[in-house]
Amino acid sequence: MGVLNACASVVALKEGRHAREQIVQSRCESDVFVGSSLVDMYAKCGSMEDAARVFNKMPSRNVVLWNTMISGHVKCGQGHKALELFGQMQQEHVQPDPVTLVAVLNACASVAALEEGRSAHEQIIHSRWDSDVYFWVVAWLTCMQNVGA
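Numbered continuously in my numbering, the sequence shown closes out at residue 149.
FYI, nobody ran anything at the bench for these hints, they're computed from the structure.
From a predicted model like this one, the values you see are computed outputs, not experimental measurements.
Here a beta-carbon is modelled for each residue, glycine too, at the ideal position from N, C-alpha and C.
Among the hints, a few may not be true.
Claimed, not checked - Taking CB as the label site, the calculated pair distances span: (1) D31 / I125: 28 to 38 angstroms; (2) Q91 / S127: 25 to 35 angstroms; (3) A112 / V32: 32 to 42 angstroms; (4) E84 / V32: 17 to 27 angstroms; (5) Q90 / R128: 13 to 23 angstroms; (6) E122 / V63: 16 to 26 angstroms; (7) Q88 / A109: 12 to 22 angstroms; (8) K57 / E115: 25 to 35 angstroms.
All chains should be modelled from the sequences, with the hints used to inform the complete structure.
Put into structure tokens, the structure is as follows:
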């Protein structure tokens, strides 16, 4: 996964695609950890189409994979798509975690989706994450990442 992280950090899409070819040949692509790394690499390179292809081929999707895909859409300026995926995640009965809800709040802010933002805020309060230090650390780190700090 180090190769994928390196490709993502320097936005080396061509090299990332080559690494994916090797992953496919080794038949590891359906592993959720590998899939999450591929989705993350494609999202950081700005190729949400490739990220979606990997995401849609995954036989099972855990909250980390959903978070990676939702956050990727937010970072690529596709807040509406991020909110659409969050709705799909809920329909598939995958429980959001603090990372999910921070990404959803960022998506709501990016597209001025006030009602969806209120709904996410209610989930945070209902889950009692509003008093959880972990939640606020995740929120702070996400905000710092979004402003380039």
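Legend entry - Hints breached by this structure: The structure conflicts with hint 2 only, although it agrees with all the remaining ones.
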